[in-house]
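First to last, the protein sequences are chains A and B.
So in our numbering, the last spot in the first sequence is 378, and the numbers never skip.
So in our numbering, the last spot in the second sequence is 510, and the numbers never skip.
No lab work stands behind these hints: they were computed from the structure.
Listed below are the simulated DSS-like cross-link pairs for lysine-lysine, each with C-alpha atoms no more than 27 Å apart in a straight line:
1. A:K244 <-> B:K349
2. B:K282 <-> B:K324
3. B:K324 <-> B:K381
4. A:K376 <-> B:K127
5. B:K252 <-> B:K368
6. B:K368 <-> B:K350
7. B:K501 <-> A:K48
8. A:K244 <-> B:K353
9. B:K252 <-> B:K324
10. B:K53 <-> B:K501
11. B:K349 <-> B:K368
12. A:K318 <-> B:K352
13. A:K318 <-> B:K349
14. A:K365 <-> B:K53
15. B:K296 <-> B:K252
16. A:K376 <-> B:K222
17. A:K48 <-> B:K497
18. A:K365 <-> A:K283
19. B:K127 <-> A:K365
20. B:K497 <-> A:K376
21. B:K349 <-> B:K381
22. B:K381 <-> B:K283
23. B:K282 <-> B:K381
24. B:K368 <-> B:K352
25. B:K339 <-> B:K283
26. A:K318 <-> B:K353
27. B:K368 <-> B:K339
28. B:K265 <-> B:K296
29. B:K352 <-> A:K244
30. B:K350 <-> A:K244
31. A:K376 <-> B:K501
32. B:K353 <-> B:K339
33. B:K350 <-> A:K318
34. B:K53 <-> A:K376
Residues from chain B shown here face chain A by an in silico Cβ test under 7 Å; the list is partial:
35. G64
36. F109
37. F115
Take a look, some chain A residues computed to stay more than 10 Å from chain B by CB distance:
38. L272
39. L294
40. L321
Yeah, the Cβ is synthetic: ideal placement off N, Cα and C, and Gly gets one too.
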Amino acid sequence: MIGSLSTALLQQIWWILASIVGSLFLALTFVQGGQTLLWQVARTDIEKRLVINSLGRKWELTFTTLVLFGGALFAAFPKFYSTSFGGAYWVWILILFTFVVQAVSYEYRAKPDNLLGAGTYEAFLFLNGSVGILLIGAAVGTFFTGSNFTLNDFNQVTWTHPLRGVEAAFSVFNVSLGLFLVFNARVLGSMYLVNNLDFQGIGEFEQRLRKACLMNLVYALPFLLIVLVSLLTMDGFGIDPAGKVSIVPAKYLGNLLAMPVVLLLLLAGLVLVIWGVVLTGLKKSTAGIWFGGLGTVLVGLAVFFTAGFNNTPFYPSKVDLQSSLSIYNASSSHFTLTAMSYVALTIPLVLAYIAYVWWLMDARKLTSAEIVADSKSY
Amino acid sequence: MEGVDLSMVNWARYQFALTAMYHWLFVPITLGLSLLCAFFESIYVRTGNEEWKRITRFWMTLFGINFAIGVATGIIMEFEFGTNWSNYSWMVGDIFGAPLAIEGIVAFFLEATFFAVMFFGWDRVSKGFHLFSTWMVAIGSNLSALWILVANGWMQYPVGMAFNPDTVRFEMQNFWEVLFSPVAMAKFTHTTSTSFMVGSLFVIAVASWYLLRGRHEEMARKSIIVASAFGLLSTFYVAITGDESAYVNASKQPMKLAAYEGLYKGQIDAPMTVFGIVNGDKKPGDNQSPFLMDVKIPGVLGLLSTRSFGNFLPGIDDLVYGNKEQNIMSGAEKIRLGKEALRDLTAYKKAKKAGDAGAAETSLAAFKVNQQHLGYGFLQKPEDLVPPVGLSFYSFHLMVALFGFFGVVFLLFLLAARNGTLLARRGLLRIGVLSFALGMIGSQAGWIVAEVGRQPWAIQGMLPVSAATTNIGAGSVQATFFLFLAVFTLLLIAEIKIMAKQINIGPEGA
Chain A
1 MIGSLSTALL QQIWWILASI VGSLFLALTF VQGGQTLLWQ VARTDIEKRL
51 VINSLGRKWE LTFTTLVLFG GALFAAFPKF YSTSFGGAYW VWILILFTFV
101 VQAVSYEYRA KPDNLLGAGT YEAFLFLNGS VGILLIGAAV GTFFTGSNFT
151 LNDFNQVTWT HPLRGVEAAF SVFNVSLGLF LVFNARVLGS MYLVNNLDFQ
201 GIGEFEQRLR KACLMNLVYA LPFLLIVLVS LLTMDGFGID PAGKVSIVPA
251 KYLGNLLAMP VVLLLLLAGL VLVIWGVVLT GLKKSTAGIW FGGLGTVLVG
301 LAVFFTAGFN NTPFYPSKVD LQSSLSIYNA SSSHFTLTAM SYVALTIPLV
351 LAYIAYVWWL MDARKLTSAE IVADSKSY
Chain B
1 MEGVDLSMVN WARYQFALTA MYHWLFVPIT LGLSLLCAFF ESIYVRTGNE
51 EWKRITRFWM TLFGINFAIG VATGIIMEFE FGTNWSNYSW MVGDIFGAPL
101 AIEGIVAFFL EATFFAVMFF GWDRVSKGFH LFSTWMVAIG SNLSALWILV
151 ANGWMQYPVG MAFNPDTVRF EMQNFWEVLF SPVAMAKFTH TTSTSFMVGS
201 LFVIAVASWY LLRGRHEEMA RKSIIVASAF GLLSTFYVAI TGDESAYVNA
251 SKQPMKLAAY EGLYKGQIDA PMTVFGIVNG DKKPGDNQSP FLMDVKIPGV
301 LGLLSTRSFG NFLPGIDDLV YGNKEQNIMS GAEKIRLGKE ALRDLTAYKK
351 AKKAGDAGAA ETSLAAFKVN QQHLGYGFLQ KPEDLVPPVG LSFYSFHLMV
401 ALFGFFGVVF LLFLLAARNG TLLARRGLLR IGVLSFALGM IGSQAGWIVA
451 EVGRQPWAIQ GMLPVSAATT NIGAGSVQAT FFLFLAVFTL LLIAEIKIMA
501 KQINIGPEGA
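Here chain A stands alone, though its shape is the one from the complex (with noise of 0.2 Å):
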């Protein structure tokens, strides 16, 4: 049945896939916002403690969902994953270092004997939350502003910039991308913990949880402004009915106005986000995290679809355009789409669990005797 799909279409569902798991790592970073803001919102030993066993439970979540967003990347457009793992090998690099030592952090930091001491541990979760936070979104920021590289007749890859990928860093765009995404992962943070924590007799704690929900969204504030008005004014990348790579004036501007569902996802998307603060921030509702997080998908659909649809490469090359990367040429044969495609069919089913699991276990909020109780607890 999906096998009788054309090729363009099966290329356009993987993209749609593909971004949406990469929207929904976007809303978990919920997990490496918490981690940033555990020095500020966090006074006492027991409400650190909170904050950690509070994401604990689902750091791991996040974690798969960026290996997914990477293993589906490379079943389904493995032309961009070779391109671009290999090609911006450093900036690739120092992102998977902070994810590899925050996957100990929460196991390691309050066991005894534990070498490098809980502040150690905790800095590794600093680390995650902003550097690594901060160079994803430098990293998509190249769909947009491009990256250096060239591919011969053999589709292998020569990185032309000699800081291999770390340039990303130094574009005003990029970096304001990457900053948005790290106030936006606090912003979320706060409405997660504010939601699943018990602040009986620590009401304090809640106060400035509630305030640094409203205090990252206006530091997020300007990136955001940054990263609109330059999306919506910069020359970007298209492709000719030829199949031609050039520069379009204001193209991403174009594509908002040529795929309005997109424009609308995006506004949506913002104003959600928006009222996930009002709620959290400025009213005593603890529902925010859900308006956050279903606006930062909202969102993050509208950054991937603007960068990969109406003829406009997701990777493009500035130093060779016509070496740039778009979903058609990039992807897999039509009989690896078509496989991934059944195996996609249970992704409803993975998200169904998860959902129940997640609401069976938060069906009561966390609270610090149940901490203090169990001796297992991070």
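Position chain B against the provided structure of chain A, taking the given hints into account.
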């Protein structure tokens, strides 16, 4: 495709070996111990005996410490194909990427979701759902092993695909052939069953240590019964899957088999070398003896690898220099044809780019004649086809010897635990403590056989490692090699210290 920087290729290989071997310190424990935890908890739920809950929770604590560093070392593996092996990623991404993505969708999320329930759900979900979660973590771990080993099995024996000269890559043609390839199935069953042995050895080692110190005796004895029974069952399974692995090697990767058996001159009803000291000066094609000393059993290797008498088993020399009688093409001939294929492919791409349809068609037709030898075109001389014989031989023989030893260990522990004589058998307990380290060595040796024995190929017969790397320069790869070496070593020391401390603390409420 000319001018490959060999020192960079080697550094990329060292890095892959480093990260894979570090990752493999933790994975076998995860695979084995996750199931053992599920067994312990199942007994608890069936009997309602709180002692079993304590046992479950204790082993789960150690499982969690091991799991975290397994995850940390694992994420590198997934992206390393792209960072250091980008030509490989492009050439085979159409086939290799799929199992990796499926691993993420169907396996990793099981682990990630139910892990939190397993550790923090004791008072938040029902007893039954908690048990279900523990099983889901065990099944998720082993399912993830399935998919990555299918990917690895495909590298050993590439099936279900065809080369597409327009995209210059191999493309999948049959998903089921990839999934159910005999090599992939042997790889999965053999690797998981040996990991069950390692997981069992881990439990036996810790429990033996307690018994030697007279601590937590009841808990240690109960743990040993379950672990030694599971270990013994796994041993039988490993024997079957190991036999199957060697059997598929004989037909699909004869060079690997010849290397780990030290067989240079092929013969009918080849003997098995039970023990040997490899002659380091021996070169393919010369007349030196492959061994300085050896003990052989006549006919056994031929029988095990072909499952009947009277069959010819090719040696290294036959595979390198050819054997007309047995209809084996020489390496030199394959390389010549491979270079022709490569030339025709380049000409085809050039003609197509220039819009010369006639020339493109001619080159394509010429390419198709020799395309099955394409991978050989990247090699320089036939001797390049030989993997390191000494390392393969010793790793293989060490692995097999240790396997037999563990079988005996499991049996003795099971008998002693059932007879209630464990405490008196201090010698056995000391062996029990030691055997975990040996298990780790045996497990690593198995991967050395599998991966070193496949050299010079990244994909057997299709893509040599020298043509698979990223064009990045040795410096960057060296730098990341030492970065990972430093970070993983630091984390390993932390892990061992934490683990030792938790073992010393022992189960709660004791």
